[in-house]
Amino acid sequence: MKILIYSANFAPEPTGIGKYSGEMAEWLVSEGHEVRVVAAPPYYPDWKIADGYAWPPYRQEIWKGARVWRAPLWVPAKPSGLKRILHLLTFAASSLPVMLRQVFWRPDVVLTVAPAFVCAPTGWLTARLSGAQAWLHVQDFEIDVAFKMGLMEGRGARQALLWLERRMLRRFDVVSSISMRMVDRLRNKGVDRECIRHFPNWVDVDKVRPLGHVSAYREELGISQSATVVLFSGTLGSKQGLMMIPEAAKRLAHRSDVEFVICGDGVMKPQLEAACAALGNVRLLPLQPVERLGELLGLADIHLLPQCPEAEDLVLPSKLSGMLSSGRPVVATCREGTEMAHVVSRCGIVVPPDDHPALADAIESLANQPAARHELGLLARRFAEDHLAQKSVLGKWIQQLDELLAPEPITIDS
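Numbering (our numbering), first residue to last: 821 to 1234.
Since the hints were derived computationally from the structure, they do not count as laboratory data.
Note that the coordinates shown come from a computational prediction; the quantities given were computed from them, not determined experimentally.
Be aware that a few hints might be false.
[To be verified] In silico PhoX-like pairs for lysine-lysine, Cα to Cα no more than 25 Å straight-line:
(1) Lys1211 to Lys822
(2) Lys898 to Lys868
(3) Lys884 to Lys1216
(4) Lys968 to Lys1009
(5) Lys1027 to Lys884
(6) Lys968 to Lys903
(7) Lys903 to Lys1089
(8) Lys868 to Lys903
(9) Lys1070 to Lys1089
(10) Lys1089 to Lys898
(11) Lys868 to Lys884
(12) Lys884 to Lys822
Required output: the full structure, derived from the provided sequences and hints.
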């Protein structure tokens, strides 16, 4: 099968959406499919073009068997609502001729990964011109998130953008999303039920698994083997509700046996560094090599998954799958009844958003109960194996593609 992936984020050491597209391309190639990718140069989560990618602006490369075309984009030093839109529009414009070139390759499927939704028209057009199936995968509802979080304002602008979104969504042969709540939202946005698929984020359960030894990070960071490590690892973005972490750490400063580790990069890093500067129980790490992901997640005795309430059920953090696969309990900040609460309540503790005392109490409770942590970790691992294993999720997707591409049966009137 010839598969064209259209995704702004696709990085050599991928995180977030880049991780999603990269792992998909690698797996598809390993299964014998022809894969091409059109993407921007790596820039996320640092919000600057990665070394070696500034020039030439257009380039080709082979990445683990997939042919990757890079198209330039403008990256703002301090992203805001309007700047983010312009940033994504520059990629949508620069990648248009690269995508149209792929028409002559005649792909079977064009998979457009959103964000960025502004790329959806180009993905759809390329599919139509090449006779391919047009599949749009929605990782988060950018327009809804932008207005709920105050990144964009104006009732008229919101109505206009949602109208355009609705029109675009209905043009694709298939529209998928990562959680059942987000699938329901697609229906509410007018997508035909038969065109909707549930396509969850996956995890390689063989690479990320419960460690059978003490994580090497403990010695590297000088953390006692008897200490309880509370870990947040992921993009330090504005949708994460990350300022809950230093507040909880302050409340647990009297516990010398509880250590917080925050690992990642992103726009919130300077604020977190300032908030944690006087806290002796918090350590900050830069983004770690993807090859050490299993070792890093195995450092945790407790995973933290904070999230802004404005983003609930509009995104489902991809980092959750790795947390579960590592076989450790999760403490999440979200409202009851959300998709994230539904998952985490099986293998951890859910606390209300912005409730600092409740978050600290949940962490302390688990720190005091190693047996309970072990049992919850087993449940987390079982959920990952049953529902999020990469081979199972992507195998089902390929099966769905085969069904889409199967010729219509010919009926002969008697």
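**Numbered hints the structure breaks, given as an ascending list** = The structure breaks none of the hints.
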